[in-house]
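Line by line, the protein sequences are chains A and B.
For the first sequence, this note's numbering assigns the number 1 to the initial residue and increments by one for each residue that follows.
For the second sequence, this note's numbering assigns the number 1 to the initial residue and increments by one for each residue that follows.
Worth flagging that the hints you see were computed from the coordinates, not collected in a lab.
Nothing here was measured: the structure is a model prediction, and the numbers come from that model.
Please note that a few of the clues may not be correct.
Simulated crosslink set (SDA-like; lysine to any residue; CA at most 25 Å straight-line) [claimed, not checked]:
#1 A:Lys190 <-> B:Pro16
#2 A:Lys167 <-> B:Gly189
#3 B:Lys96 <-> A:Leu19
#4 B:Lys255 <-> B:Trp11
#5 A:Lys110 <-> B:Leu12
#6 B:Lys255 <-> A:Tyr200
#7 B:Lys255 <-> B:Pro16
#8 A:Lys110 <-> B:Pro206
#9 B:Lys96 <-> B:Pro16
#10 B:Lys255 <-> A:Lys190
#11 B:Lys255 <-> B:Leu12
#12 A:Lys134 <-> B:Leu178
#13 A:Lys134 <-> B:His26
#14 B:Lys255 <-> A:Leu19
#15 A:Lys110 <-> A:Tyr200
#16 A:Lys134 <-> A:Thr144
#17 B:Lys96 <-> B:Arg5
#18 A:Lys134 <-> B:Lys96
#19 A:Lys167 <-> B:Lys255
#20 A:Lys167 <-> B:Ala180
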Amino acid sequence: MSDTPYLPRQASRIDFDRLLNNVGAWALAIIWFLPLVYAIWTAFHPSAYSTDFDLTVPLTFENFVRAWDAAPFARYFFNTIVLVTLILVAQLVLCTLAAFAFARFEFPGKNILFILVLMQLLVMPDILIVENYKTMGQLGVIDTITAIGLPYMASGFGIFLLRQTFKTVPIELEEAARVEGANILQILWKVYVPLAMPVYLAYGLVSISHHWNNYLWPLIVTNSEETRPLTVGLSIFASVDQGVDWSLINAATLMTSAPLLIAFLLFQRQFVQSFMRSGIK
Amino acid sequence: MLQRRAWIYGWLLVSPALVMLFAFTHYPTIATIWNSFFSTARGRRQAVFVGLDNYERLLTDDIFWQVLWNNFIYALGTIPASIILALGMALWVNGKIRGRAFVRMAYFTPTVLPLIAVANIWIFFYTPGFGLVDSVQSLFGLPSQNWLGNPDTVLYAVMVVAIWKEAGFFMIFYLAALQAIPPSLTEAGKIEGASRWYMFRRVIFPLLMPTTLFVSINAVINSFRLIDHIFVMTNGGPNNASSLLLFYIYETAFKFWDTAYGATLTTVMLVLLCAIAIGQFYFMDRKVHYQ
């Protein structure tokens, strides 16, 4: 993905095709970037200027302060961070164990069970909200962060991804470890997990950004400030409290997306490559 | 003996994940279908077996048909558009473009932003009078329009947001596939004097078919699943003009607490999803050339 140095001598030849491609790519990029630029503009300017795009208008942080004070965003942030961590840790443990079995063990029912795992790629918990809500009621966990996380902890995608990775690990490495007297969990931990590190990173980033942004299921299972994640908190904040104060709403919008956005800007290359890697089958 | 041990280890390792999968994916799938043949339990009244009553209700439910039609339009609009845009973006970002890093970042940014949050920004864009879309329109002397308030335009307005959100995500998969194509192939084409369009149509595009299959199945799933922005932007209105199947399921089950009918609607969605995915697989698999 390294950028090839731009060679001015070649470009001096008028290349209409290239010009057209550049214009097209940039036009699309600007359109794609516009919503974010607009949000940043209004969030950093006083409300009175939210539709007045004058560069001399004074900058202000006041919108962020007002938004932060108007709703329990600190609590929402805490909830989202707990939620995302809980899901990721559970996913990593459950998927690693299952993927190891599917990659390196022979046992009756293996193929059928693997097909059942893959089924989740199509029938996602996002769709099964009615019955999962009933289950949460029976478990008595409605309005807890655990309830938001439970349906996502065993991830078919994660199992599939790690199984593919584990299958590429040379069997000789495992045999060498076995000769040295390592047991199965030690082999998994010392041989397989370290070799799959890039895939873990990729999967982790995908999982975090997915669950940070998830909305419908948390909306359904939570009904108090103590459990609501950021997305649900933001939607309540934007719909009920604020009317049409764009500056305030956009400040809150930016605030909730900021951690992911900053992480993305800092680790852009890793992010894009992680997503790429997780897509390679 | 050794084999028996491997069996036990295998089962032990998969069981935690499978228990969770059964509890929150397979069981609810079966329960959904099962409960669609029962009535909704209310108060002290138990759910009773009602046969196909819920499905009969579907047939005469005007909102259901409207929502299904909306979802059809939504899928028909968002799936091809986001895939074509994604492919274009990937080709551009993979080619020689000035400021490639910025362009790539711009395309990908919507993927990391919460849909529920960006919906707020898009509401402003669509605001009649001073919203961005109207401002651009007025430059060309076109009249002001209430994009989200008009039943004729609202669905298209929310489709644009979905395409904007998805395209950059799909681009990544195409980008990965493009970078896996050996450069010798395109060089050979150049030596042979093949035009760029010919190269794309005959060499690049066929090589991207597995990715297209993968992306399009994802796009189908998203066309049912990606509804967060509807909550903020339109709430399904006006007059259900922007309501989609999953949104209607949410309303039925969690606003009117008619869970049996919600289960029936979910069953319809599951059937549609599986049918489309299987159809896609068979239709496209014949055209996919795996390397």
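Comparing the hints with the structure gives:
As the CA atoms of lysine 190 (chain A) and proline 16 (chain B) are separated by approximately 21 Å, the hinted pair is consistent with the 25 Å bound. With a C-alpha separation of about 35 Å, the suggested pairing of lysine 167 (chain A) with glycine 189 (chain B) is violated against the 25 Å cut-off. The suggested pairing of lysine 96 (chain B) with leucine 19 (chain A) holds, with an alpha-carbon distance near 10 Å, which does not exceed 25 Å. Annotation: proposed proximity of lysine 255 (chain B) to tryptophan 11 (chain B) is violated, straight-line Cα distance about 42 Å (limit 25 Å).
Restraint check: the Cα-Cα separation between lysine 110 (chain A) and leucine 12 (chain B) comes to about 12 Å, which is no more than 25 Å; the hinted pair holds. Restraint check for lysine 255 (chain B) and tyrosine 200 (chain A): not satisfied, since their Cα atoms lie roughly 39 Å apart, outside the 25 Å limit. A hinted pair counts as satisfied when its Cα atoms are at most 25 Å apart, and lysine 255 (chain B) with proline 16 (chain B) does not qualify at roughly 34 Å. Between lysine 110 (chain A) and proline 206 (chain B) the CA atoms are separated by roughly 34 Å; this puts the pair beyond 25 Å, and the hint is violated.
With a C-alpha separation of about 48 Å, the suggested pair lysine 96 (chain B) and proline 16 (chain B) falls outside the 25 Å cut-off, and the hint is violated. Between lysine 255 (chain B) and lysine 190 (chain A) the alpha-carbon distance is near 51 Å, which puts this suggested pair outside the 25 Å criterion. A hinted pair counts as satisfied when its Cα atoms are at most 25 Å apart, and lysine 255 (chain B) with leucine 12 (chain B) does not qualify at roughly 41 Å. Proposed proximity of lysine 134 (chain A) and leucine 178 (chain B) is contradicted: the alpha carbons are some 45 Å apart, above 25 Å.
A distance of roughly 14 Å separates the Cα atoms of lysine 134 (chain A) and histidine 26 (chain B); the hinted pair therefore holds under the 25 Å criterion. Between lysine 255 (chain B) and leucine 19 (chain A), the direct Cα distance comes to roughly 54 Å. Violation of the 25 Å bound is thereby established for this hinted pair. Note on lysine 110 (chain A) and tyrosine 200 (chain A): the hinted pairing holds, with a Cα-Cα distance of about 24 Å set against a maximum of 25 Å. Only pairs whose Cα atoms come within 25 Å are accepted, and lysine 134 (chain A) paired with threonine 144 (chain A) is accepted, the gap being roughly 14 Å.
Using a Cα cut-off of 25 Å, the hinted pair lysine 96 (chain B) and arginine 5 (chain B) is violated, with the two alpha carbons roughly 56 Å apart. A hinted pair counts as satisfied when its Cα atoms are at most 25 Å apart, and lysine 134 (chain A) with lysine 96 (chain B) does not qualify at roughly 54 Å. For the given pair, lysine 167 (chain A) sits about 47 Å from lysine 255 (chain B) by alpha-carbon distance, which is inconsistent with the 25 Å threshold. Note on lysine 167 (chain A) and alanine 180 (chain B): the hinted pairing holds, with a Cα-Cα distance of about 20 Å set against a maximum of 25 Å.
Consistency note: the structure conflicts with the earlier hints numbered 2, 4, 6, 7, 8, 9, 10, 11, 12, 14, 17, 18 and 19.
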